[in-house]
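S.K.: Chains A and B, in that order, are what the protein sequence lines are. For the first sequence, counting from 1, position 326 maps to 327 in the working numbering; every step adds exactly one. For the second sequence, counting from 1, position 152 maps to 153 in the working numbering; every step adds exactly one.
Incorrect hints may appear among the rest.
Same chains, same label: a pair holds when it works inside one copy or across any pair of copies.
Heads up, simulated DSS-like pairs for lysine-lysine below, C-alpha to C-alpha not over 27 Å straight-line [unchecked claim]:
#	residue 1	residue 2
1	K344	K384
2	K51	K335
3	K344	K398
4	K155	K27
5	K70	K155
6	K335	K31
7	K288	K343
8	K364	K27
9	K335	K206
10	K362	K27
11	K398	K362
12	K362	K4
13	K343	K398
14	K51	K283
Since the hints were made in silico from the structure, they are not lab data. Only a predicted model underlies this, so the values are computations on that prediction, with no experimental measurement involved.
There are 2 protein chains.
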Amino acid sequence: MLKEIQGGICAAKGFTANGVHCGVRKNKTKRDLALIYSETLASAAAVYTKNLVKGAPLTVTKNHIANGKAQAVICNSGNANTCNANGIEIAEETCKLLGKELGINPTDVIVASTGVIGQPLDITPIANGIAPLVSGLGAHSDFACEGIMTTDIKPKEIAFEFTAGGKTCRIGGIAKGSGMIHPNMATMLVFVTTDCNISVEMLQKALSKDVEDSFNMVSVDGDTSTNDMVSVLANGLAGNEEITTENADFKAFQEALSAVTTYLCRMIAGDGEGATKLLECKVCGAKDTATAKIVAKSVICSSLFKAAMFGADANWGRVLCAIGYSGADVDVNKVGVSFRSKKGTITVCENGAGVPFSEEKAKEILLENEIEVLITLGDGNGKATAWGCDLTYDYVKINGDYRT
Amino acid sequence: MLKEIQGGICAAKGFTANGVHCGVRKNKTKRDLALIYSETLASAAAVYTKNLVKGAPLTVTKNHIANGKAQAVICNSGNANTCNANGIEIAEETCKLLGKELGINPTDVIVASTGVIGQPLDITPIANGIAPLVSGLGAHSDFACEGIMTTDIKPKEIAFEFTAGGKTCRIGGIAKGSGMIHPNMATMLVFVTTDCNISVEMLQKALSKDVEDSFNMVSVDGDTSTNDMVSVLANGLAGNEEITTENADFKAFQEALSAVTTYLCRMIAGDGEGATKLLECKVCGAKDTATAKIVAKSVICSSLFKAAMFGADANWGRVLCAIGYSGADVDVNKVGVSFRSKKGTITVCENGAGVPFSEEKAKEILLENEIEVLITLGDGNGKATAWGCDLTYDYVKINGDYRT
Numbered sequence: 002m003l004k005e006i007q008g009g010i011c012a013a014k015g016f017t018a019n020g021v022h023c024g025v026r027k028n029k030t031k032r033d034l035a036l037i038y039s040e041t042l043a044s045a046a047a048v049y050t051k052n053l054v055k056g057a058p059l060t061v062t063k064n065h066i067a068n069g070k071a072q073a074v075i076c077n078s079g080n081a082n083t084c085n086a087n088g089i090e091i092a093e094e095t096c097k098l099l100g101k102e103l104g105i106n107p108t109d110v111i112v113a114s115t116g117v118i119g120q121p122l123d124i125t126p127i128a129n130g131i132a133p134l135v136s137g138l139g140a141h142s143d144f145a146c147e148g149i150m151t152t153d154i155k156p157k158e159i160a161f162e163f164t165a166g167g168k169t170c171r172i173g174g175i176a177k178g179s180g181m182i183h184p185n186m187a188t189m190l191v192f193v194t195t196d197c198n199i200s201v202e203m204l205q206k207a208l209s210k211d212v213e214d215s216f217n218m219v220s221v222d223g224d225t226s227t228n229d230m231v232s233v234l235a236n237g238l239a240g241n242e243e244i245t246t247e248n249a250d251f252k253a254f255q256e257a258l259s260a261v262t263t264y265l266c267r268m269i270a271g272d273g274e275g276a277t278k279l280l281e282c283k284v285c286g287a288k289d290t291a292t293a294k295i296v297a298k299s300v301i302c303s304s305l306f307k308a309a310m311f312g313a314d315a316n317w318g319r320v321l322c323a324i325g326y327s328g329a330d331v332d333v334n335k336v337g338v339s340f341r342s343k344k345g346t347i348t349v350c351e352n353g354a355g356v357p358f359s360e361e362k363a364k365e366i367l368l369e370n371e372i373e374v375l376i377t378l379g380d381g382n383g384k385a386t387a388w389g390c391d392l393t394y395d396y397v398k399i400n401g402d403y404r405t
Numbered sequence: 002m003l004k005e006i007q008g009g010i011c012a013a014k015g016f017t018a019n020g021v022h023c024g025v026r027k028n029k030t031k032r033d034l035a036l037i038y039s040e041t042l043a044s045a046a047a048v049y050t051k052n053l054v055k056g057a058p059l060t061v062t063k064n065h066i067a068n069g070k071a072q073a074v075i076c077n078s079g080n081a082n083t084c085n086a087n088g089i090e091i092a093e094e095t096c097k098l099l100g101k102e103l104g105i106n107p108t109d110v111i112v113a114s115t116g117v118i119g120q121p122l123d124i125t126p127i128a129n130g131i132a133p134l135v136s137g138l139g140a141h142s143d144f145a146c147e148g149i150m151t152t153d154i155k156p157k158e159i160a161f162e163f164t165a166g167g168k169t170c171r172i173g174g175i176a177k178g179s180g181m182i183h184p185n186m187a188t189m190l191v192f193v194t195t196d197c198n199i200s201v202e203m204l205q206k207a208l209s210k211d212v213e214d215s216f217n218m219v220s221v222d223g224d225t226s227t228n229d230m231v232s233v234l235a236n237g238l239a240g241n242e243e244i245t246t247e248n249a250d251f252k253a254f255q256e257a258l259s260a261v262t263t264y265l266c267r268m269i270a271g272d273g274e275g276a277t278k279l280l281e282c283k284v285c286g287a288k289d290t291a292t293a294k295i296v297a298k299s300v301i302c303s304s305l306f307k308a309a310m311f312g313a314d315a316n317w318g319r320v321l322c323a324i325g326y327s328g329a330d331v332d333v334n335k336v337g338v339s340f341r342s343k344k345g346t347i348t349v350c351e352n353g354a355g356v357p358f359s360e361e362k363a364k365e366i367l368l369e370n371e372i373e374v375l376i377t378l379g380d381g382n383g384k385a386t387a388w389g390c391d392l393t394y395d396y397v398k399i400n401g402d403y404r405t
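If we strip away everything but chain A, and leave its shape as in the complex, we get:
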């Protein structure tokens, strides 16, 4: 049984967090340095961006968790520490300073950075920020959540309770991500904590499988970031018998992890840069899952479709067009399209051709801020869901002059 609970990344036993303003960003009202800490050494798993241009922190983190263990996560916003000559050095130094302050091994630290690419990251504000960051550790999931935000408007955190091995376990996560969102095998920054007792191998297996259906199915703007990372820390403090095989407990863990990641996906898409609407594209009747995924992502990535949704315009021709160029093996003469929201459902296309519908009703449905696009392919049982957002004036505004 899955139950939503309060506490975010501090919901799981033995985890505390904090976020402070250290000065990487000039805006003093915004926290820009976040910390997550487990009172015991935890199993650690992660997935990373497939972009060839990788942030220095990712390289350092990969080395640090090669042994499957970590105890803390530190992340700054405002600067991605990517494409800088001394990036690795700065990331290592950050871990060293934090390790010293916490009294843990620097190689047990996961380090992340998010923000502008290609601007040298000064260690000074981070070095000064670490003492207050550590001294203020507590049930401050919200502070950490703010610390990792860049152009995000809404904080993104969630937690659930579930049962494994007869014990109550908790799992929670925070995410940042608003632009440059088009993950490939990993995504934006997502930090998940759990007190479930699970082996490193099974933790990595659960995470790698999960991102295929969660973060890899989100797109805000088609740009795959250089600093995408999802990491999970599992400290085992729930006291359940360690999960080491694909048993019922593993299924329960997977379900709980999926609840966290799906929630964060929807939050990330709905809070896409400039977005006014969360778009959820549900494809069914594909000949297989891979085909369904290709179709769902192609529709959710179409600039024309996204702009039509901003205008609450039931321009289903753009949905068909995006299906047609997706590269998926589809019989376009069997395609059906409907739009759904709180205000109802309207079918606009059947068998690849338009059907008469009330433009007024369509407008009413599409004026809502959560829209589902339902696509049937009539080819089999494959299905998939992708998440995105509309394309708006504000996306252009935010990205027309991001650096100043």
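Following the hints, position chain B against chain A.
M.R.: Leaving out everything else, chain B in the frame of chain A:
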């Protein structure tokens, strides 16, 4: 010797054209039906969209020029005649009516439509428009050019003179295309006419090769249209010896064709929906041409890069990011990036890392309306050019409510 001349698609001997308002569009001040006519039967070649959803006119045209011959082109704007149950019927009927009026075989007609997808196309306005369309035939390349425009702001026409077999030949073209531009083996609507005497096989060969470096390297919004088509009519009236092999005359023809298509590519990209700037991405030093093309197109398609250019922001990190996720085999530590315009050139990245530069100078360069992004990969001799435009408020405005 290639020389730019006046006359567009009517520059070549024996070609006339016209455009009228027939009523497919409600706006009476805009011509919406275009005709191109050759006084003799011409060799015809074409390439089409790879979108699985194909406009009915493309299917009809493909059948009509299967014998390599055509004498006229008719095209309406305002309605794409795509995803309609009776689309083929309407397209065939259009050819029949035009054939009758011109006294030519209906199967010697190339038919095209552009505009909204999925709305039934009424034959009545077209049927009524054909008589004035034919009776007004003359040196009216500009009228035809207007007749095929949709959201285009600028008409796109060009012509050149060249020599083949000691004879002066002429080649000209018109294009429409502003949104839903991301061609794949073909593009938008482009009609080219020439009086050069060239076999159907060599004409198709020249065209197919040309689009790889021209229209397939343009992107406005990443959406591959359902109705893309490029066609060439060659009526041989220049009197040169027929080109049947890859000889010097063929090279001269290729060069002239490339001059026409490259000009139209730049026009299409620069007149992208809402665009304020033409972006030209030139990649060199790639290990091969394919790699250079992948990199150039990835950069030109990045929403974040496009928005930065709108803001005249030298945010080169987004260029590196787009190279990194392009899928091309590139050593990111060797990448160099410069921006160039009429105001000068500025280098912003060398060996994958930022170099100090004057933000003031960069701004001055990027405020121009034609920007070159120069990328060096340091891996070999492969090079490619791609064309695109910035992402602006007006793109969102135009596409937020296109149908009303």
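S.K.: Look at each hint and say if it fits the structure.
M.R.: Verification of the hints:
When the C-alpha separation of K344 and K384 is checked against a cutoff of 27 Å, the pair qualifies only within one copy, where the shortest distance is 24 Å, while the shortest distance between copies is 52 Å. Taking the shortest alpha-carbon separations for K51 and K335, only the inter-copy value of 19 Å comes in at or below 27 Å, while the best intra-copy value is 35 Å. In this assembly of identical chains, K344 and K398 lie within 27 Å of each other by CA distance solely across copies; the values are 25 Å between and 30 Å within a copy. In the homo-oligomer, the alpha carbons of K155 and K27 lie at most 27 Å apart inside one protomer (20 Å), although the nearest pairing across protomers, at 44 Å, exceeds that limit.
Taking the shortest Cα distances, K70 and K155 never come within 27 Å of each other, neither inside one copy (31 Å) nor across copies (61 Å). In the homo-oligomer, the alpha carbons of K335 and K31 never lie at most 27 Å apart, since the shortest distance is 51 Å inside one protomer and 36 Å across protomers. Within a single copy, K288 and K343 get their C-alpha atoms no closer than 30 Å, and across copies no closer than 53 Å, so neither meets the 27 Å cut-off. Proximity of K364 to K27 under the C-alpha cut-off of 27 Å is restricted to the inter-copy arrangement: shortest distance 22 Å between copies versus 42 Å within a copy.
In the homo-oligomer, the alpha carbons of K335 and K206 never lie at most 27 Å apart, since the shortest distance is 37 Å inside one protomer and 35 Å across protomers. Within a single copy, K362 and K27 get their C-alpha atoms only as close as 47 Å, which misses the 27 Å cut-off; across copies the closest is 24 Å, which meets it. Taking the shortest alpha-carbon separations for K398 and K362, only the inter-copy value of 22 Å comes in at or below 27 Å, while the best intra-copy value is 31 Å. Taking the shortest alpha-carbon separations for K362 and K4, neither the intra-copy value of 36 Å nor the inter-copy value of 57 Å comes in at or below 27 Å.
In this assembly of identical chains, the alpha carbons of K343 and K398 lie at most 27 Å apart only when taken from different copies (26 Å versus 29 Å within one copy). In this homomeric assembly, K51 and K283 come within 27 Å of each other (Cα to Cα) both inside a single copy, at 25 Å, and across copies, at 24 Å.
When the structure is compared with the earlier hints, violations turn up for hints 5, 6, 7, 9 and 12 and for no others.
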